[in-house]
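Respectively, the protein sequence lines represent chains A and B. Under the working numbering, the first sequence has 276 at position 276, and the numbering climbs by one with no breaks. So the number in the working numbering is just where the residue sits in the second sequence, counting from 1, plus 343.
Among these hints, one or two may not hold up.
[Said to hold, decoys possible] Cross-link-like lysine-lysine pairs, in silico, BS3-like; alpha carbons within 27 angstroms at most: (1) K621(B) x K485(B); (2) K674(B) x K552(B); (3) K444(B) x K485(B); (4) K76(A) x K538(B); (5) K326(A) x K36(A); (6) K427(B) x K390(B); (7) K142(A) x K552(B); (8) K142(A) x K102(A); (9) K142(A) x K517(B); (10) K278(A) x K617(B); (11) K158(A) x K538(B); (12) K274(A) x K617(B); (13) K379(B) x K390(B); (14) K267(A) x K278(A); (15) K208(A) x K596(B); (16) K596(B) x K278(A); (17) K267(A) x K610(B); (18) K99(A) x K142(A); (19) K552(B) x K253(A); (20) K680(B) x K621(B).
Worth flagging that the hints you see were computed from the coordinates, not collected in a lab.
Protein chains: 2
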Amino acid sequence: MNEVNTHKCKIAVDAMGGDYAPLNAIMGAIEAFNEKKDFELILVGKKDEIKKVLTEKNLSFPEENIVHASEVIGMKDTPTTALKQKKDSSIVVGATLVKEKKAHAFVSAGNTGAMMAASTLIMGRIPGVGRPTIGATLPTAKGNFCTVYDVGASVDSKPQHLFEYAIMGSIYAKEIFGIENPSIGLLNVGEEESKGNKLAQATLELFKKSDLNFAGNVEGRDILAGTVDIVVCDGFVGNIILKFAESIIGLLKAKFKNYAESSFINKLKVGMAKGTLKAVLQDMDYQKYGGVPLLGVNGISIIGHGSSSTLAIKNMVLRAKEMFDKNLIQKIEDSIKNYENKV
Amino acid sequence: MNEVNTHKCKIAVDAMGGDYAPLNAIMGAIEAFNEKKDFELILVGKKDEIKKVLTEKNLSFPEENIVHASEVIGMKDTPTTALKQKKDSSIVVGATLVKEKKAHAFVSAGNTGAMMAASTLIMGRIPGVGRPTIGATLPTAKGNFCTVYDVGASVDSKPQHLFEYAIMGSIYAKEIFGIENPSIGLLNVGEEESKGNKLAQATLELFKKSDLNFAGNVEGRDILAGTVDIVVCDGFVGNIILKFAESIIGLLKAKFKNYAESSFINKLKVGMAKGTLKAVLQDMDYQKYGGVPLLGVNGISIIGHGSSSTLAIKNMVLRAKEMFDKNLIQKIEDSIKNYENKV
Chain A
1 MNEVNTHKCK
11 IAVDAMGGDY
21 APLNAIMGAI
31 EAFNEKKDFE
41 LILVGKKDEI
51 KKVLTEKNLS
61 FPEENIVHAS
71 EVIGMKDTPT
81 TALKQKKDSS
91 IVVGATLVKE
101 KKAHAFVSAG
111 NTGAMMAAST
121 LIMGRIPGVG
131 RPTIGATLPT
141 AKGNFCTVYD
151 VGASVDSKPQ
161 HLFEYAIMGS
171 IYAKEIFGIE
181 NPSIGLLNVG
191 EEESKGNKLA
201 QATLELFKKS
211 DLNFAGNVEG
221 RDILAGTVDI
231 VVCDGFVGNI
241 ILKFAESIIG
251 LLKAKFKNYA
261 ESSFINKLKV
271 GMAKGTLKAV
281 LQDMDYQKYG
291 GVPLLGVNGI
301 SIIGHGSSST
311 LAIKNMVLRA
321 KEMFDKNLIQ
331 KIEDSIKNYE
341 NKV
Chain B
344 MNEVNTHKCK
354 IAVDAMGGDY
364 APLNAIMGAI
374 EAFNEKKDFE
384 LILVGKKDEI
394 KKVLTEKNLS
404 FPEENIVHAS
414 EVIGMKDTPT
424 TALKQKKDSS
434 IVVGATLVKE
444 KKAHAFVSAG
454 NTGAMMAAST
464 LIMGRIPGVG
474 RPTIGATLPT
484 AKGNFCTVYD
494 VGASVDSKPQ
504 HLFEYAIMGS
514 IYAKEIFGIE
524 NPSIGLLNVG
534 EEESKGNKLA
544 QATLELFKKS
554 DLNFAGNVEG
564 RDILAGTVDI
574 VVCDGFVGNI
584 ILKFAESIIG
594 LLKAKFKNYA
604 ESSFINKLKV
614 GMAKGTLKAV
624 LQDMDYQKYG
634 GVPLLGVNGI
644 SIIGHGSSST
654 LAIKNMVLRA
664 KEMFDKNLIQ
674 KIEDSIKNYE
684 NKV
């Protein structure tokens with residue numbers, strides 16, 4: 001067991017991360033702290049900027065819990081270059097806190113690529129994990145949720161990587177979403193075993209030999225249909241689906257706008273339908289849920305959207321706390337080891 | 344120029360293809376004929392069943408234009424096996440008519456895989472085409488359409504195949520959709536040139552060297568945003584996106600249903616919003632547009648959804664006619680040859 005696990009949970013938050021930093025990041029982190037209290041909050045970033053926000057908002061916060069980082073990785077910086085050049089950036093400093101066991105978790109709404117790279121390279125991977133992964137949880141027609149792994153942590157995956165995503169995703173679904181025995185589907189172009197590209201075919205063989213709750217091949221439509229709890233695929237495919245899914249609301253808005261503009265009656269109709277639509281679409285707006293963990297790194301790493309609201313940051317911190325309480329990193333390590341011994 | 348091009352256009356329709364065959368297939372084909380007249384219609388399938396429908400519907404149709412096929416490939420038959428075992432199926436017979444230059448086009452709403460395989464193996468490929476491709480045309484927030492190639496004709500594509508999809512898709516967009524200089528995007532996980540899997544990176548190099556109207560890498564969100572007219576990707580990715588897109592309406596319906604069931608007021612609200620929604624969603628229901636061509640085979644091959652309506656079949660036949668009138672197969676052959684000489 002990690003040294004820090006015997007101590008009180010410590011969560012570091014990137015105060016400089018996100019389009020509305022430092023305000024949203026700090027306020028969200030403090031709201032989470034005020035709700036839970038039973039953890040130590042560390043704010044990482046430019047000390048003067050952090051203190052300015054704390055003063056403006058009349059918040060008392062222990063100065064020793066502010067860890068100064070003189071640089072900021074911008075949203076448009078190239079991740080690998082930024083990591084090398086900005087050694088004193090909040091993302092590098094935050095990930096290093098976890099590496100040095102000065103924190104259990106690091107939470108950031110900053111540059112996603114830099115956060116993934118820093119977490120992987122600085123915190124390191126959980127023993128036995130080939131590639132860390134990031135999932136996207138989408139609503140389904142059944143009313144439950146389906147989480148797709150990987151949605152962009154890596155591309156050109158090997159079958160073993162997809163298998164690891166399933167193991168890690170299963171633990172996360174069980175511990176965090178409370179799904180007792182999460183079902184797993186392998187994303188493919190058809191249900192039949194003969195279908196698919198080389199990667200899918202080879203991955204299928206791995207799954208068939210395992211005792212994971214594997215439901216077989218699933219198709220693109222099965223994600224929103226809610227056929228399974230977890231869908232695994234290469235990060236190239238997953239990332240494209242995620243961004244495609246994110247763009248659906250934009251299309252619907254445009255369609256409704258055009259319809260409204262076509263006649264006065266239609267304008268009235270759309271006006272009346274708007275509230276209903278909004279209510280219906282709100283759980284498709286997954287941004288409110290907060291960030292997502294990078295699973296497979298040796299520490300808790302939560303990555304949020306650049307546009308994260310205070311609520312999103314708060315939820316990210318609370319999620320980090322929950323992952324700590326449930327000892328998720330250790331559980332992933334144990335499970336990966338367990339499957340290594342079997343396969 | 345092909346022998347048949349000097350003659351009147353002949354379009355063969357699979358009377359046995361689709362969930363509502365032979366009725367929808369026959370009625371749709373005859374409606375198209377009644378609208379255009381300037382082509383010869385051939386119905387392929389079980390002669391007695393075809394004649395029964397014609398009699399029931401009081402339609403006069405020249406018996407010599409019914410080409411008998413004693414077998415039917417079912418919607419669930421395995422394509423390659425079915426092609427071997429059912430040599431006298433309507434799909435094999437129809438594709439053979441094109442091969443033997445007894446027809447210019449073959450239209451079917453039957454087993455998609457069998458139709459793709461029969462078209463490719465029997466009609467053969469246009470010289471220079473490595474792999475035929477099938478596209479899916481989706482509505483965009485801009486009000487125009489974006490066609491994604493390939494959506495499932497093949498997987499594990501090579502860069503050259505994606506390049507061919509772009510050439511063929513450009514001709515189709517220009518000739519059929521009337522887009523003078525269609526823009527092409529390469530589907531990727533980011534816009535930067537360094538992004539992507541090995542296939543995307545190698546394909547990017549091919550595009551950069553060409554004089555196609557290439558807009559660079561595009562992301563999953565760019566499809567529905569309408570950033571480009573054509574998006575190219577491997578058929579594994581495209582097929583998953585297409586099926587994902589098809590499932591969106593199901594999710595929306597389920598969400599509205601749940602919302603309506605949550606209270607009486609909500610039920611009234613959804614009741615009022617329904618008509619608006621339907622009107623707005625209707626152009627997302629691409630089924631009404633009819634089938635899609637398998638581009639790259641040496642003849643016109645139009646493949647429709649199993650659930651094709653009479654209107655969809657009619658549109659498929661009219662599309663085949665338009666492709667003939669615009670000499671599309673020859674134009675693809677010329678363009679592929681042109682690029683072969685350059686690359």
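Structure versus earlier hints, numbers of those that do not hold, lowest first: 3, 7, 8, 9, 15, 18, 19 and 20
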